[in-house]
Each structure stands twice: as C-alpha cells, then as structure tokens.
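A.B. asks: Take the two lone chains and join them into the complex the hints point to.
Those protein sequence lines, which keep their order, are chains Y and E. Take the position in the first sequence, starting the count at 1, then add 10; the result is the number in our numbering. Take the position in the second sequence, starting the count at 1, then add 5; the result is the number in our numbering.
Take the hints with a grain of salt, since some may be wrong.
Each computed DMTMM-like pair below joins lysine to aspartate or glutamate, with the alpha-carbon atoms no more than 25 Å apart [unchecked claim]:
#, chain 1, residue 1, chain 2, residue 2
1, E, K132, Y, D116
2, Y, K39, Y, E25
3, E, K139, Y, D148
Hints are computed from structural coordinates only; laboratory data are not their basis.
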Amino acid sequence: MKLIIHQETDCDETEIVIRCSYISPDLQKIIDEIQLCTFSINAYKDGSIKRLNRESICYIESVDEKTFIYCENDVYDCRMKLYELEEKLVKSTFVRISKSCILNIDFIESVRPLLNGKYEALLLNGERLIINRHYVPDFKKKFGL
Amino acid sequence: MKKFNYYLNIFCSSFTVATLVISLVNILSSDKVPTAYIWVFQMAVLCAVITILMFITGILSEKIFKNTPVWVFILTGLTEVLLSVFILGGLCFGWFPFNSFGILTIAVLDIVIYFLVYGIMYIGERKSADNINKILQNSRKNKLNSRRNKDGKDN
Chain Y
11 MKLIIHQETD CDETEIVIRC SYISPDLQKI IDEIQLCTFS INAYKDGSIK RLNRESICYI
71 ESVDEKTFIY CENDVYDCRM KLYELEEKLV KSTFVRISKS CILNIDFIES VRPLLNGKYE
131 ALLLNGERLI INRHYVPDFK KKFGL
Chain E
6 MKKFNYYLNI FCSSFTVATL VISLVNILSS DKVPTAYIWV FQMAVLCAVI TILMFITGIL
66 SEKIFKNTPV WVFILTGLTE VLLSVFILGG LCFGWFPFNS FGILTIAVLD IVIYFLVYGI
126 MYIGERKSAD NINKILQNSR KNKLNSRRNK DGKDN
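Same shape as in the complex, but just chain E (with noise of 0.2 Å):
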C-alpha cells in the first residue's frame, strides 16, 4: 500500500507540475496549444503512462541491476519521459509538430518538470528524513537517561 501511495505521489506531483507549466507557457506564448478539456484528460493518461514505466524500471532495477547509480537512474527516467512524451503527446495526441524547434521546446520543458518533480519528491524524502533523525536522536537521549538513572540506583 505505502508503495502505491509512492507512485501515486509521482503521478500526482508530475500530473499537477505538467499542467501548471504547460498552461504557464501557453498562456506567455502565442503559440497555440490545444486548450480543450480532453487535453486534462490526455495530460492525466500520459503522466499514468510515465509513473507506470517508472514503476517497471524501478522493479528492474532492485532486481536485476543492485546499485544503480544516480545519474543512471534520471538518464533513464528522462528517457521515458521524453519518449512518453514524444509518442503519446506528438504522434497519438498531436500536442506540438514534429518539428526541430517543437521537439527541442517540448524536450526542454520536459527536462524543467522531470526535475520539478523529482524536487517535489525530493523535498518529501528528505522531511521523513528529519523525522526519522529527531526519534533517533530523542531515543538516543531516553537511552542515555535511563542508563543514568540505573547507575544511579545501583550506586
């Protein structure tokens, strides 16, 4: 259940920053980008497409590769991305043209809400974090007090 809650985090983290930076371009550029509500709804199927890949790479690679570097997990989290992106987004839903300056703005934009995500995601991590250190040290304390305490009464 807590690893659903995981990727459904994701889904809704990469969902919610997707929309606000794509609306946030449409609104600053003239270009214009399909405004329907069926693009919500397109938004919800390719970010549910992307935190699937993320699910099967990540059972991937706890099993098969044991210690995956860093900078191997984003390239390939990039890379299902873009290529999520590029084929459901331009080919299936014709988001943007397939031109050289469509492609790289769209690569771009996606590169900027990867790591927006992962900030996100980062952010939460790193607050279990703090609050797994704050028990630690708080169990450590009780420990050493009630180590005194004993020495105490045995002397």
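Pulled out of the complex, with its shape left as it was, chain Y reads as follows (with noise of 0.2 Å):
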C-alpha cells in the first residue's frame, strides 16, 4: 500500500482519496477511522443549524422518538434516529449506556457500581447518567475490561 501526501498552501479543504482494486480488511480499518474521524452531524437549536463533531458530544438521548445532543452546556435536536447514530458511532468512544441513551465515554469524569447491578457514571459537567445492567458488560468492554 502506498502512501501518498501532497501539501499545498492554497488548498481550501483537504481531501482523501483511497485509489484500490478492493476493499481489503486493513483498508476497511483505515477507511472506518478516517469515517470517525471526519463524522459531524447537524443540530438544530432555535431555528439554527450547527455542525457538531464527535469530540463536542456529550451523549445522545433518545425521548419520546426525538433524538437529542447533549454538549457540554448545550442541547441540540437531532433529526437521525438514536440506532442510526449508534451504528455510525459504534467504533468510537461512544457506547449505548441504555435503551434510550448512548455515551461518549472521554466525557467520563468516573463511575461507581450501584447496588441493582447497573453503574451510575459521573460526567466531567457533573452531570449523572446510569449505565442499565443490559448494557453494563459492553461498557466494560469499551474500556478493554
């Protein structure tokens, strides 16, 4: 595999082009990061539009079939489905917590046991989510355990 960079100061947008003759599984890997890495999503907030990064969020929270961001001091509308992002967000830092919420684990502060077998996780804004029991062994997981 080759690997080709060309730096030029008048590019507006860099640009990635995977020239192949298949898919091979290394490539996959490296087009899933290079996905991950360039993934936004717009949120939608008082009538305007805001591009998000995967790094801004929070966590995700699915309510009464709306979808909702959570940043560290805003909260965003979201017009994809909670499994939808959950399927594009699947090999990244972000892990389904419950049925209707999936968490980016970098915004953990720390998580303690609680006694009904689910976890709570203390987020760095101080906010709270606990982790269902159902989804307690792909959490774990997550962090190699």
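C.D. replies: Quick look at the structure:
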C-alpha cells in the first residue's frame, strides 16, 4: 500500500482519495478511522443549524422518539434516530448505556457501581447518568475489561 | 456471552456461599440436616432456579420499569430466593420442617446468604469500576500531556 501526501498551501479543504482494486480488511479499518475522524452531524437549536463533531458530543438521548444531542453546555435536536447514530459511532468512544442513551466515554469523570447491578457515570459537567445492567458488559468491554 | 458470565457468577457465588453457610450451621447446630451427596445437587438445582428467576426479572425490570429503585430490586431478589427455598427446599426436597421455627430459621439464613452473595458481586463490580476509573485517569493525563506538547510545538 502506497501513501502519497500532497501538501499545498492553496488547498481549501483536505481531501482524501483512496485508489484500490478491492477493499481489504486493513483498508476497511483505515476507511472506518477516517469516517470516524471526519464524523459530524447537523444539530438544530432555536431554528439554527450547527455542525457538531464527535468530540463535542457528551451524550445522545432519545426521548419520545425525538433525538437530543447533549454537549457540555448545550442541548440540540437531531433528525437522525438513535440506532442510526449508534451504527455510525459504534467503533468510536461512544457506547450504548441504556435503551435510550449513547454516551461518549471521553466525557466520563468517574464511574461507581450501584447495588442493583447498574453503574452510575459522573460526567465532566457534573451530570450523572445510569448505565443499565444489560449494557454494563458492553460498557466494560469499551475499556478492555 | 458477558451477560451469561454475569449470571454464571451469581450462580457460582450463591452456590458456594449457600453451601458453606448451611454446612457451618449443620456443624454448629445439633439439628440433623441431610448430609448425603444428593443434597449438593439439590442445592445446585435451587441456585440455578434462583439465578434463572433473577435473569428473567432482570430482563423484565429493564424492559418494563426503567428506573427500578434499589430497595425494590433487593426486595424482588429476596422474594425470589425465599419462594424458591420454601417451595423447592421445603416442599420438594424436604430440607426443613414447615413449622414457625423452621421457617424463621431458613428465612434468616436466606437473607444472610442473599446479602453475602450480593456483597461478593458488589466487591467484583467495585473492582471493575476502580479499573475503569484508573483507565479514565490515565487517558486524561495522556491527553493533557499531548495537548501540552502540541502547544509547545506551536509556540
């Protein structure tokens, strides 16, 4: 596999072009990584649209079939379904913690187990989220446990 | 698979703790309690039934009741344990006489075993949480260092 990088001072937008005869598993890994790095989503608030990148999203919650994106200080509406977002973010730092919530583990300050087999995650902004028992194994797996 | 491991852990912990506690009570008390080998298998069946019940109520509580309070969870678990012990242990296996003393003794023993098993499970979860917190702390440190390095290079 050859890697060619053209650095040009007048380039407005970074462009990645992959030329290949077939997509091998290794290449697929690279494509997944690039897709994750370039992931951004349209978020709506008070009639305006904002493009949010993955790193700025704290967690995503679905309430009454509506999807909300929680950033550190703001909450946005999202037109995508929770499962669609989960599919896109599954290989990143996001993990499903309940039927209605996907959490970005980069925003976790600490976790503690509860007596009923659930976990409680304290986020960097002081919010507390419950990790349901059903999702605890996947949550631990995200940390290699 | 991880979920299966979780319930397998409950089964093994409850079987071990229950067998040890009952054996200890047998040694310390003058009452004659069945000590034949079959008793061990009966205990395994009882623990398996309790684990299956916990698995079913676990699924139901996740699907029906979103936020089950801890005391409801404990009360449900205790009810499952007591019912299983009285029906299987008392009626089917004939482990103890159905008089007020027998019922009270078994109920107290069950409550002790229940909290011992949950204590063991909780210690395991506590250990996992500590590991996760260490990983989070290290990852924050690494990010901070790489940001400092980047800022240093930019300056």
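A.B. asks: Holds or violated: E:K139 with Y:D148, Cα cutoff 25 Å?
C.D. replies: 18 Å, holds
A.B. asks: Starting from Y:K39, check that the Cα of Y:E25 is at most 25 Å away, please.
C.D. replies: 18 Å, holds
A.B. asks: Are the Cα positions of E:K132 and Y:D116 separated by 25 Å at most?
C.D. replies: 20 Å, holds
The structure is consistent with each of the numbered hints, conforming to all of them.
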